[in-house]
Amino acid sequence: MVYISCRDLKLGYDGEVVTENINFDVEEGDYLCIIGENGAGKSTLMKALMNLNKPMGGEIIFAEEIRKNEIGYLPQNKDFQRDFPASVEEIVISGTLSKCGLRPFYSKKDKKTAEENMKKMNVYDLRKKCYRELSGGQQQRVLLARALCATGKLLLLDEPVTGLDYKVTCEFYGLLSDLNKAGVSIVMVSHDLDEAMGHSNKILQIGREQVFFGSKNDYLLSESWRAFHQHHSDHCKANTNIRSRNSEE
Amino acid sequence: MSIIELFKQYFSYPFVRYAFVVSVVISLSASLLGVTLVLKRYSFIGDGLSHVAFGAMAVASVFKMINNNVIVLPLTILAAVFLLRTGKNAKIKGDAAIAVCSVGALAVGYLIMNVFSTSANVSGDVCSTLFGSTSLLTLTKNEVVFSVILAIIVISMFVFLYNKIFAVTFDEDFANATGVNADRYNLIIAILIAVVIVMGMNLVGSLLISALVIFPALSAMRMFNNYKGVVICSALIAVICAVVGLLLSIVLSTPVGATIVTVDIFVFILSCISCRR
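In the order they appear, the protein sequences are chains A and B. Every letter in the first sequence is one number past the one before it in my numbering, and letter 45, counting from 1, is 45. So the mapping is simple: my numbering equals the position in the second sequence, first residue as 1, plus 1000.
In case anyone wonders, no lab produced these hints; they're calculated from the structure. Treat the hints with caution; some may be incorrect.
Heads up, incomplete: computed chain A residues facing chain B, CB under 7 Å, no partners named [unchecked claim]:
1. LEU52
2. CYS130
3. THR169
The structure displayed is predicted, hence computed values, not measured ones. Glycine included, every Cβ here is placed at the ideal spot set by N, Cα and C.
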């Protein structure tokens, strides 16, 4: 079952093309990682998948059962809404809204969905707490529970672990992997290559245009992986050098 | 004569009862929307719109309309929609657009009032439009009914759209991605704000209406840390301040609007001191 298929996608904004010739499919049960240099248009692609901006060319075809209401979205862990007074409960249940339609209030079923997902993400005990008082890892789990309220089929994640420490990051990826095994398809933008190689089954690498799309195993044997990985680790090394030089000074 | 008897005597006058009803319903609707405005970083839109409403009022008074709201309400709603649109992707960014509208309308409004007014006391007219000073006590029954109807519309819209307004306020991208049309709800919010501001012109005048919108919400946000709690608390604070302010203004014979706002400020300071969040 193909959930999303993108054909000759051309993306950009304000008339400037960021990336083009994007062709890929997301199938049921997939764990697709989207990787690429900074500014390669990963987030732009994500926004296009969520219908937040229109592609400049090509098309995105959604399976009938996916459409809009069956996509859950997890934003970057940005510092958004620092002073927003909202309890965990209120945020999680707001994920069910897409199914409410014109009905103004939540039904018993919505409340039950929210409760189940809070338990699944291990935030049920925090449900009366205020979102802004939680740690970064807890906040991401709350947002994940909200996304699961919106769908049990397809999750879109945009660099979900930015700003989390190593241990929390591992836990979070563990959760994602469990969800994937339970049948939730995952599309994730990541700059974390180890993770991308760890749990995913498919890789999409984009630059000025599509560099690679295929299974992870094929990618590991490809020329693009070697180049990208080399560049990436050089970059990391350079950063470490600069950092150590700075600390010496 | 005890205070209670004094109030009893005051409340035997219909104009005091009218003022009471109007100030409670206006404060209530303003405070409900206030929470959303403050959280969406739209606090200043209220201020900008109130100046637009002032300009519209000036135009209306030149045409000697029987009911000023026929002009003021649509113009303010238009301005609200315009300000919301420019917030996103126009050449003039949100805050600059608000500044342009607000001072522009203020200047043109005052000019029109001065040039075309036939009234003997122009500065008095301007003052009462800006600060609402006396007009509250000269309300007619029709105006009271009009305010109450608008308030019922605003409050019931808010209650019915409560969950959606929450979702759109907390995370617009997520709402959009999951098929909640955020633009539509932003538009509804803008229209409701415009309605509240036009209603509030009678009570506190155009300069002070944003105080009614912002202060109860800010005070409530210091006391509660969930959305429902903040909304309910903000409504309660607004109603209590309106009643206390009105009674004080009668006893001390001070301007009604300014007194209510002062009580709101007092509560805000109290909440700042007592709850350190």
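Worksheet item: Any of the earlier hints contradicted here, and which numbers?
Response: 3
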